[in-house]
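Asker: Given chain A's structure and the hints, the job is docking chain B with the ligands onto it.
Those protein sequences? They're chains A and B, same order as listed.
So in the numbering used here the end of the first sequence lands on 329, straight run, no missing numbers.
So in the numbering used here the end of the second sequence lands on 265, straight run, no missing numbers.
Treat each hint with caution, since some may be false.
Cut-off 25 Å, straight-line C-alpha distance, at most; resulting in silico cross-link-like pairs (BS3-like, lysine-lysine) [what the hints assert, rightly or not]:
id	chain 1	residue 1	chain 2	residue 2
1	A	314	B	229
2	B	263	A	202
3	A	147	B	27
4	A	325	B	263
5	A	197	B	158
6	B	158	A	327
7	B	158	A	287
8	B	32	B	108
9	A	261	A	219
10	A	197	A	18
11	B	240	A	325
Beta-carbon label-pair distances, calculated as ranges [to be verified]:
id	chain 1	residue 1	chain 2	residue 2	range
12	A	170	B	263	25 to 31 Å
13	B	32	A	251	27 to 33 Å
14	A	88	B	153	38 to 44 Å
15	A	177	B	205	49 to 55 Å
16	B	32	A	221	30 to 36 Å
17	B	93	A	32	31 to 37 Å
18	A	173	B	235	55 to 61 Å
19	B	66	A	180	51 to 57 Å
20	B	53	A	170	56 to 62 Å
21	B	220	A	90	23 to 29 Å
22	A	114	B	169	56 to 62 Å
What the hints contain is simulated information worked out from the structure, not anything from laboratory work.
In this text, a Cβ means the ideal position worked out from N, Cα and C, and glycines have one as well.
Each chain is listed here by its residues.
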Amino acid sequence: MGKGIFVVTVPDQGTIRKVAFEILSEARKIATAKSEPLCAVIIGKGVAALAGKFAPYGADKVYVVENDLLENYTADGYAKALADLITREQPSIVLAGATVVGKDLMPKVAARINAGMAADCTAIGLDGDAFTVKRYMYSGKMIADVKFQADKVAIATIRPNVLIAAAPDASKSAEVVNVAAEVSAADIRVKVLEVVKGDAGKVDLTEAEVIVSGGRGMKDASGYGILEDLAKVLGATVGASRAAVDAGWRPVSDQVGQTGKVVSANLYIACGISGAIQHYAGMGTSKVIVAINKDGEAPILSKCDYAVIDDLFKVVPPLTEEIRKLKAD
Amino acid sequence: MNSIVCLKQVPDTEAQILATPDGSDVKLDGVKFIISPYDEYGIEEALLQKEKAGGGEVTLVSMGPARAVEAIRTGLAMGADKAVHLDDEAFNGSDAQAAAKALAAQIKGMQYDIIYCGRQAIDDDQSQVGPALAELLGLPHTSLVTKVEVAADKKSVKVNRQIVGGEEILEIPLPCVLTCQKGLNEPRYASLPGIMKAKKKPLQPVKAAEIGIDAGTVGAAGSGTRVVKFTAPPTRTSAKIISGESPEEKAANLAKALREEAKAI
Ligand SMILES: Cc1cc2nc3c(=O)[nH]c(=O)nc-3n(C[C@H](O)[C@H](O)[C@H](O)COP(=O)(O)OP(=O)(O)OC[C@H]3O[C@@H](n4cnc5c(N)ncnc54)[C@H](O)[C@@H]3O)c2cc1C
Ligand SMILES: Cc1cc2nc3c(=O)[nH]c(=O)nc-3n(C[C@H](O)[C@H](O)[C@H](O)COP(=O)(O)OP(=O)(O)OC[C@H]3O[C@@H](n4cnc5c(N)ncnc54)[C@H](O)[C@@H]3O)c2cc1C
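Okay, chain A solo, but in the shape it has when bound:
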C-alpha cells in the first residue's frame, strides 16, 4: 500500500463538481506530508478533455478512465472500472465527494475490494501514519473522530462545501495516464430507461453556497414567490422544511433536514422555520445562519447567527431590494 492519494471525480454532463477541487486542495497537504503522489481519477466516456483541470489544484497525476459503456453513471459499470484501477495501483486512500453519485458508488467499491470506509466526512488528516477523518453522527448531534486501520485501503467521501479549494495555479502540470476500463455490457445490470431533469439551472441544495429556505410560515405554495426572488438576487437555491414539503408546497427533493438533504451552505436563510432539531440536523454546519421569524421564542433563534423577529412577508421583499442594491455597488 501507499502508492498514492486518489481523488475520484465523476463529471456531470461535462462539468466537474466543485467538491473535487475542495478535496484535491486538502489532499495536497496530506500527499506532501506522506510523500505520496496526489492522483486525480476521472471516469466516464469522452472525459479526457477535462484532464487538465486538476493540476492547478495540486494533482501530480491524472488517471482518465474511459469506456463507451460509461456514458451514463451506473453503479455496476463505474464500480468495476474504479475497483480495477484501485486493485492495480494500490493507493493508500481513495477520496470522493459525498454527492448522490459518490454515496452510491463508493460503498459498493469498498465492499468489492474489502476497504475500510467512512462517509460524508468534514475533515481529513493524519495521526502519525494513519488517515483520520471527522464526520457527524446522530444527525449532527455528535462529531466522531475516525481512524482508518492500516491493513485495508481507506475510502472516504467528503461533504461538499466544507473543505476550502485553494487558488488554482495554472502554471502546474500533471502526468496524464489513459486507462481503458474493462467493462462489458453484461457487467451493467441496471438499465437507465429515462432521465427526467427537473429545474436544469438549479444548483443542487447539497452543493449550494447560499440557500433560502421556507417553512410552514410561508402559508402556502405561492408564498415561495418572494423566496424565489430573494434567491435570484443571491444566486441561491430554495429549500424547505418538512412541514412545507408535507403540505405539498414544495417537492420532496427540496426538503432540508434529518430525513431530507444535509446541506452546508455559506449562508442559510431560514424563513418561517421554527428550527426543530430534525431541521437543524440538515443545515447546522452552514457557516452563517439567518432566521426570519415573527416569534421571538422560536427555537431557531438559539441556533442562528442573525435573527430578524418580524413578519417574513414584510421583511423578505425589502431585503431582496437591499441586497440587489448592495450587489449593484
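Answerer: Same frame as chain A, but now just chain B with the ligands:
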C-alpha cells in the same frame, strides 16, 4: 413476492445524545429508540408489493443488541411475517462495511426477490450498507428509490431514483437491493391487532457462528475504521437580533450585517 427488509434500531430523532466524559463512546442509557425512519419506508413497500402480488413473505433482518427486539416487534406489528435478529458479541464495534458483511452472511441462504434497505440509518449516517450488501451478494442495486413497479413477469422492477436536479427511471433485474428514500410511500402504523399478532410471529436470534462468519471479518476486528473520539459539535453563541423600527429598516440592517460583518454576500 418475497422481500427482506434490513431494519436498524436507532435513537429517536428527538433524543439528546451526549458523549461519555472521556469521549470514547456515547451515552445511550435512558434514550428512546425507534426504527430508523427510512427502514419504515422499506417495510411499507415490502408489504404493499406483497399485497399487490397476492402472496409472499416479508422477513425483517436486524443486527443489533438485545434492545433491538423492540424495533423488530414494531416491524412485525406493521405486518412483516417473520424476523431474524443478529445478536452476538462478535458483531460489537462493526463499522458499516462490517455490518454489511454480517447481513450478507445471513441473507445469503434466504429466499427473496427484493431486499429493501433505508437510504441511511439516522444514527451512524453512513449510507453504506445498501450498496455494500448488494455487492457482497453479487446483486444489482439502486439507491434513493421513490417508486417501485414490479414487472408482470416478476423478473425485474422499474424504479424511480432521485438524482441531482431530477429523477432517473431504471430497470433492474430481480433479485436486487433497493435503498428507500422519502416519497416512496406513507408507512402505516402498527395497529392494536397487529401488535397482538406480532407477539406470536417468529423472531429468530442468530449467532455469528451459525451463519458461518469468521469473527475476524466482523465486529471491531473486521472493521477498517474505528471511532476514536466523540465530541459535541460547537454550539452557536446566541444570535444577533437585528434591530430596526420597521420591517424595511430591519431588512436594510440585515443586508448590511451580512455584507460588512459576516461577509456572506
Ligand atoms: C422522524 C422525523 C423526521 C423529521 N425530519 C425532518 C426533516 O428532514 N426536515 C424538517 O424540516 N423537519 C423534519 N421533521 C419535522 C420537524 O420536527 C418539524 O415538525 C418541522 O421541521 C417543522 O417545520 P417548520 O419549521 O416549517 O414549521 P413550524 O414548526 O410550524 O414553524 C413555523 C414557523 O414559522 C413562523 N412563522 C409563521 N408565520 C410567519 C410569518 N408570517 N413571518 C415569520 N415567521 C412566521 C412561526 O413562528 C414558526 O416558528 C421530522 C420529524 C420527525 C419526527
Ligand atoms: C463505533 C461504532 C460501534 C458500533 N457498535 C455496534 C455494536 O456493538 N453492535 C451493533 O450491532 N452495531 C454496532 N454499530 C452499528 C452498526 O455497525 C451499524 O449497523 C453500521 O455502522 C452501519 O452503518 P449505518 O448505521 O450508518 O448504516 P447505513 O449504511 O446508513 O444504513 C443504511 C441501511 O442499511 C440497513 N442497516 C444498517 N445497519 C443495519 C443493522 N445493524 N441491521 C440491519 N440493517 C441495517 C438499514 O436498512 C439502513 O437503513 C456500531 C457502529 C459504530 C460506528
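Asker: All hints, please: hold or fail.
Answerer: Taking the hints in turn, this is what the structure says about them:
| no. | hint | in the structure |
| --- | --- | --- |
| 1 | A:314 to B:229 | violated (46 Å) |
| 2 | B:263 to A:202 | holds (24 Å) |
| 3 | A:147 to B:27 | holds (21 Å) |
| 4 | A:325 to B:263 | holds (16 Å) |
| 5 | A:197 to B:158 | holds (18 Å) |
| 6 | B:158 to A:327 | violated (47 Å) |
| 7 | B:158 to A:287 | violated (40 Å) |
| 8 | B:32 to B:108 | violated (32 Å) |
| 9 | A:261 to A:219 | holds (22 Å) |
| 10 | A:197 to A:18 | holds (20 Å) |
| 11 | B:240 to A:325 | holds (23 Å) |
| 12 | A:170 to B:263: 25 to 31 Å | holds (26 Å) |
| 13 | B:32 to A:251: 27 to 33 Å | holds (31 Å) |
| 14 | A:88 to B:153: 38 to 44 Å | holds (40 Å) |
| 15 | A:177 to B:205: 49 to 55 Å | holds (51 Å) |
| 16 | B:32 to A:221: 30 to 36 Å | holds (35 Å) |
| 17 | B:93 to A:32: 31 to 37 Å | holds (33 Å) |
| 18 | A:173 to B:235: 55 to 61 Å | violated (45 Å) |
| 19 | B:66 to A:180: 51 to 57 Å | holds (52 Å) |
| 20 | B:53 to A:170: 56 to 62 Å | holds (60 Å) |
| 21 | B:220 to A:90: 23 to 29 Å | holds (25 Å) |
| 22 | A:114 to B:169: 56 to 62 Å | violated (33 Å) |
Going down the numbered hints, you'll see the structure goes against 1, 6, 7, 8, 18, 22, while the others check out.
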